[in-house]
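Engineer: Listed below, chain by chain, are the residues.
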Amino acid sequence: MFIKKFIDAAGWPRIIIALFLLSLFATAPFVGVLVSTSLSNTLERFGMNGVLVLAMVPMVQTGCGLNFGLPLGIIAGLLGATLSIELGVRGVVGFAAAVGLAAPIAAVLGYFYGHLLNRVKGSEMMIATYVGFSSVAFMCIAWLLLPYKSPTMIWGYGGSGLRTTISVSGYWQHILSGLMAVKVGHLAIPTGMFLFLAAMCFLVWFFMKTKTGTAMTAVGSNPEFARASGVDVDRMRIVSVVLSTILGAVGILVYSQSFGFLQLYTGPFYMALPAVASILLGGASVNKATIWNVLVGTFLFQGVLTMTPAVINNILQTDMSEVIRIIVSNGMILYALTRKVQVKR
Amino acid sequence: MPETPLLKLENIGKDYFGTRVLSGVSFSLNKGEILGLVGENGAGKSTLMNILFGMPVIAGTGGYEGSIIIDGQKTEFKSPFDALEAGVGMVHQEFSLIPGFTAAENILLNREELNRSPLEQIFSERVSTLNRPVMNARASKAIKTLGVDIGVDTIASEMPVGYKQFVEIAREIDRTATRLLVLDEPTAVLTETESRILLDALRKLAEGGIAIVFISHRLHEIIELCDKLVVLRDGKVVREAPAKTSSLREIAAWMVGRQVDSRSGARRPEPRSPELEDLALSVENLWVDMPGETVRDVSFTVRKGEIFGIGGLAGQGKLGIPNGVMGLFPAGGKVTLFGKPVKLGAPRGALDSGMAFVSEDRRGVGLLLSERIDWNITFTAMQVQNRFLKPLLGGFLLLRDDAAIAREAQSYIESLEIKCTGPGQRAVELSGGNQQKICLAKAFVLRPGLLLICEPTRGIDVGAKELVLNTLRHHNEEYGTTIVVTSSELEELRSVCDRVAIVGEGRIAGILPASSPAEEFAILMMGKTGQKQGSGSDVH
Ligand SMILES: Nc1ncnc2c1ncn2[C@@H]1O[C@H](COP(=O)(O)OP(=O)(O)OP(=O)(O)O)[C@@H](O)[C@H]1O
Ligand SMILES: [Mg+2]
Chain A
1 MFIKKFIDAA
11 GWPRIIIALF
21 LLSLFATAPF
31 VGVLVSTSLS
41 NTLERFGMNG
51 VLVLAMVPMV
61 QTGCGLNFGL
71 PLGIIAGLLG
81 ATLSIELGVR
91 GVVGFAAAVG
101 LAAPIAAVLG
111 YFYGHLLNRV
121 KGSEMMIATY
131 VGFSSVAFMC
141 IAWLLLPYKS
151 PTMIWGYGGS
161 GLRTTISVSG
171 YWQHILSGLM
181 AVKVGHLAIP
191 TGMFLFLAAM
201 CFLVWFFMKT
211 KTGTAMTAVG
221 SNPEFARASG
231 VDVDRMRIVS
241 VVLSTILGAV
251 GILVYSQSFG
261 FLQLYTGPFY
271 MALPAVASIL
281 LGGASVNKAT
291 IWNVLVGTFL
301 FQGVLTMTPA
311 VINNILQTDM
321 SEVIRIIVSN
331 GMILYALTRK
341 VQVKR
Chain B
1 MPETPLLKLE
11 NIGKDYFGTR
21 VLSGVSFSLN
31 KGEILGLVGE
41 NGAGKSTLMN
51 ILFGMPVIAG
61 TGGYEGSIII
71 DGQKTEFKSP
81 FDALEAGVGM
91 VHQEFSLIPG
101 FTAAENILLN
111 REELNRSPLE
121 QIFSERVSTL
131 NRPVMNARAS
141 KAIKTLGVDI
151 GVDTIASEMP
161 VGYKQFVEIA
171 REIDRTATRL
181 LVLDEPTAVL
191 TETESRILLD
201 ALRKLAEGGI
211 AIVFISHRLH
221 EIIELCDKLV
231 VLRDGKVVRE
241 APAKTSSLRE
251 IAAWMVGRQV
261 DSRSGARRPE
271 PRSPELEDLA
281 LSVENLWVDM
291 PGETVRDVSF
301 TVRKGEIFGI
311 GGLAGQGKLG
321 IPNGVMGLFP
331 AGGKVTLFGK
341 PVKLGAPRGA
351 LDSGMAFVSE
361 DRRGVGLLLS
371 ERIDWNITFT
381 AMQVQNRFLK
391 PLLGGFLLLR
401 DDAAIAREAQ
411 SYIESLEIKC
421 TGPGQRAVEL
431 SGGNQQKICL
441 AKAFVLRPGL
451 LLICEPTRGI
461 DVGAKELVLN
471 TLRHHNEEYG
481 TTIVVTSSEL
491 EELRSVCDRV
501 AIVGEGRIAG
511 ILPASSPAEE
521 FAILMMGKTG
531 QKQGSGSDVH
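Those sequence lines, one after another, are chains A and B. Take the first sequence: its position 35, counted from the start at 1, is 35 in the numbering used here, and no numbers get skipped. Take the second sequence: its position 244, counted from the start at 1, is 244 in the numbering used here, and no numbers get skipped.
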């Protein structure tokens with residue numbers, strides 16, 4: 001009876017993937033993969049991606065759909081990051097400056113993005129995808145033209161335009177993941193990054209408990225009801241888009257400090273789908289998402305993504321990890337998207 | 001020799017997440033027979049019909065027990081399509097028309113007439129175009145069978161609710177294969193005249209050999225229409241009886257398991273002398289652009305502490321008035337509440353000025369279906385009046401007070417006898433009548449100065465009807481709430497209101513004291529509109 005309840009609550013897709021992940025961990029030692037290293041990798045990736053996935057929640061809650069326009073927030077984050085490097089501030093202050101610069105940019109972009117989505121009610125996700133596309137394309141030009149000067153960021157010879165990948169080492173690499181990190185043998189736990197993720201989750205959870213947050217949830221459930229209850233539906237939707245975009249900006253900064261590089265140009269482009277897939281795998285539907293969906297989904301997605309290539313590589317004795325990673329990642333994205341119509345219970 | 005029954009249910013049982021909803025339900029139905037299914041709100045009527053029709057919600061919640069036997073063959077419908085295939089048609093308690101489609105398109109959905117073309121040979125039927133003239137003819141024939149006059153080109157979202165109901169039924173009639181028709185509260189939103197037309201049409205269908213299961217809370221319809229009736233109580237069949245020889249009182253008693261006073265409400269004791277009271281609401285030259293319920297030019301005043309009724313046939317604009325005053329549809333004119341002008345077109349303004357509203361569109365406007373009951377009940381009060389909130393940081397942040405919300409909901413669950421597992425249950429999991437009570441509670445929580453309420457007892461069972469009307473009276477007397485009730489049930493209006501306005505063609509045909517004889521109301525309803533829809537004997 002208890003098991004049945006648990007299955008009902010968790011949902012089959014999650015149980016299947018969790019079992020798969022478990023079996024990967026179980027086989028790992030037999031094919032010569034170090035479990036502690038793999039677990040460390042999984043934890044690191046979980047922390048890196050958590051906030052990006054969290055950026056889905058506000059928009060989903062107001063019924064704006066899955067945020068395929070995540071690249072917009074990511075671009076804001078990258079602008080903040082590059083500006084902070086340009087200013088030459090390092091360490092904690094540098095990271096704080098990046099967040100501080102990125103957030104207002106994200107808010108402004110999100111505001112316009114929100115207005116746009118309000119005009120296309122019913123096909124938000126399509127337009128969001130398009131916004132993602134075009135903002136990336138626009139920024140491909142902008143990254144070249146913006147008058148950055150810092151030698152760490154611009155192309156070596158020509159002397160103008162930003163590089164495709166910019167190292168943040170020396171600025172704020174591992175500023176969160178290295179903070180209070182616990183190391184036991186090969187197992188590393190990025191405590192600081194987890195605490196940061198937890199704080200972000202708490203903020204979102206807390207916000208959803210406020211009057212405005214409650215109104216946002218109602219707008220997602222039934223906009224007509226919300227309107228008849230005196231809620232300004234369009235405004236609530238804009239608030240949610242702004243929040244999602246800011247979270248996207250913060251998310252990419254967390255990601256970059258752990259990864260060690262900023263990926264400009266088409267980089268942001270590849271970030272939306274894994275985040276969308278994660279939250280769907282976590283059990284969210286198109287207009288309901290919880291913090292649990294974020295955490296569970298991110299862990300499962302990143303877990304499978306780290307473990308499968310490692311295990312298969314060692315079995316086949318080749319190095320195809322990148323190929324396998326792409327196949328697994330896209331496979332899971334596909335699976336998640338086919339699941340999305342299934343509303344829980 | 002008894003023929004094999006068309007439909008036989010054997011020991012049907014069902015539970016939802018551990019709550020037993022149906023157990024051991026058995027009965028049978030012959031060709032051409034009409035069976036009335038009655039029971040209190042939440043007795044399991046809709047659930048039983050959902051099982052019969054193969055609705056996905058049943059399979060999605062663990063399936064059912066027992067067997068459905070059609071023509072002597074055990075059947076199990078995996079989906080509504082299987083049911084349709086087998087000749088079972090269903091009209092649901094909540095509407096299921098496609099809003100942007102015309103009546104004809106809705107009626108013939110998936111059974112469209114196609115223009116034959118050579119392309120079809122190469123590809124499939126998908127490339128064929130629709131043969132509109134034939135479709136329209138077929139649709140209009142189905143509508144005619146029902147004895148009503150609805151344009152086949154009318155867009156579903158622009159129809160008055162009554163018409164929607166007829167279109168849904170026409171859709172089932174057009175399916176030539178239909179042998180068993182299930183109707184879940186088809187008359188709940190119809191006026192007497194309209195339901196009479198419907199009942200006549202159903203009788204004709206039954207004569208043609210179609211078996212019908214008819215669910216209604218208007219018990220006199222059951223007696224009038226059905227051959228036999230089955231009473232459900234808490235998910236069990238407690239009685240099977242011939243309908244014609246049962247009395248209203250008997251049926252009501254079987255339903256609730258004790259004697260009930262089924263007199264439909266005592267007349268409001270002493271109509272106050274309205275001249276003495278101040279004006280509460282004044283409406284001047286109001287027009288409202290509500291699809292299907294257009295209001296052209298309406299003026300009236302309601303005094304403080306009055307209960308004012310608005311009646312009329314479907315589509316004449318009676319529903320447009322409260323919806324317009326509330327700001328839900330584009331509107332113009334002058335509305336004044338307690339001496340202050342009300343800005344039209346903005347629900348927030350109306351709410352802030354002290355109004356509350358119960359919509360006739362329960363699922364569309366009235367409920368957050370996928371949220372908890374307590375959220376549904378308290379949400380408006382939270383947003384408009386800042387109640388059920390805990391201030392934080394000196395009022396900078398307003399945090400939801402979940403405990404207070406649950407407590408408030410619990411008190412309404414008790415006082416309105418809402419059948420549920422607790423304040424945390426989702427609204428979608430409630431039976432129709434109980435959802436209606438949630439909508440009422442939502443308005444009561446606001447403690448409004450003016451309560452606009454549409455179809456207050458829609459889908460509410462005989463026992464609870466009095467409870468609901470008494471709650472209305474109670475709010476009126478205890479808190480001095482002025483109430484404007486819009487209803488398709490004239491009798492209800494006459495029993496609870498002081499004065500009743502009858503609306504015809506978007507205008508007020510007349511305003512009468514509730515104590516006026518029924519005939520005068522009937523004349524107002526029929527006379528001015530010039531539509532000879534019924535015999536004019538609207539009240540019994
Ligand atoms: N999807 C669901 N999940 C959980 N419980 C449900 C669900 N649907 C219905 N129920 C419960 O089943 C019981 C029977 O509901 P049902 O809708 O069959 O009542 P009903 O007889 O049609 O009542 P009404 O006259 O109010 O329409 C109710 O207590 C209701 O709360
Ligand atoms: Mg029902």
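Simulated from the structure, these hints should not be mistaken for lab results. Hints are not guaranteed to be accurate.
[Said to hold, decoys possible] Computed cross-link-like contacts, DMTMM-like style, restricted to lysine to aspartate or glutamate with a CA-CA straight-line distance of at most 25 Å:
(1) B:K334 x A:D232
(2) A:K4 x B:E240
(3) B:K340 x A:D232
(4) B:K204 x B:E158
(5) B:K340 x B:D401
(6) B:K419 x B:E466
(7) B:K343 x A:D8
(8) A:K288 x B:E94
(9) A:K5 x B:D361
(10) A:K209 x B:E408
(11) B:K465 x A:D234
(12) A:K211 x B:D352
(13) A:K209 x B:E429
(14) B:K340 x B:D361
(15) B:K419 x A:D232
(16) A:K209 x B:D352
(17) A:K209 x B:E85
(18) B:K343 x A:D232
(19) A:K121 x A:D8
(20) A:K5 x B:E240
(21) A:K4 x B:E429
(22) A:K288 x B:E429
(23) A:K211 x B:E408
(24) B:K465 x B:E33
(25) B:K144 x B:D15
(26) B:K390 x A:D232
(27) A:K5 x B:D297
(28) A:K211 x B:D402
(29) A:K121 x B:D361
(30) A:K121 x B:E224
(31) A:K211 x B:D401
(32) A:K288 x B:E65
(33) A:K121 x B:D15
Engineer: Are the Cα positions of B:K419 and A:D232 separated by 25 Å at most?
Structural biologist: The hint is violated at about 32 Å.
Engineer: Does B:E466 sit within 25 Å of B:K419, going by the straight-line distance between their CA atoms?
Structural biologist: This hinted pair holds, its Cα atoms lying about 16 Å apart.
Engineer: A:K211 and B:D402 were given as a pair; does the straight-line alpha-carbon distance stay at or below 25 Å?
Structural biologist: 11 Å, holds
Engineer: Hey, B:K340 versus B:D401, does the alpha-carbon distance stay inside 25 Å?
Structural biologist: Violated. B:K340 to B:D401 sits at ~32 Å, over the 25 Å cutoff.
Engineer: Does B:E408 lie within 25 Å of A:K211 when you go C-alpha to C-alpha?
Structural biologist: 17 Å, holds
Engineer: Quickly compare the C-alpha distance for B:K204 and B:E158 to 25 Å and report which way the hint goes.
Structural biologist: Answer violated: B:K204 to B:E158 is near 28 Å, above 25 Å.
Engineer: Given the hinted pair A:K4 and B:E240, is their alpha-carbon gap at most 25 Å?
Structural biologist: Between A:K4 and B:E240 the Cα gap is close to 37 Å, so the pair fails against 25 Å, i.e. violated.
Engineer: Next pair to validate is A:K209 with B:E85; report whether the Cα-Cα distance is within 25 Å.
Structural biologist: This hinted pair is violated, its Cα atoms lying about 48 Å apart.
Engineer: Given the proposed pairing of B:K465 with A:D234, does the C-alpha separation stay at or below 25 Å?
Structural biologist: Cα-Cα ~38 Å, so violated.
Engineer: What's the verdict on A:K288 and B:E429, does the C-alpha distance respect the 25 Å limit or exceed it?
Structural biologist: 17 Å, holds
Engineer: Under the criterion that the straight-line Cα-Cα distance not exceed 25 Å, is the pair A:K121, B:D361 satisfied?
Structural biologist: 21 Å, holds
Engineer: Taking only the CA atoms, is the gap from A:K121 to B:D15 under or equal to 25 Å?
Structural biologist: 38 Å, violated
Comparing the model with each numbered hint stated earlier shows that hints 2, 4, 5, 7, 9, 11, 14, 15, 17, 19, 20, 24, 25, 27, 30, 32 and 33 do not hold.
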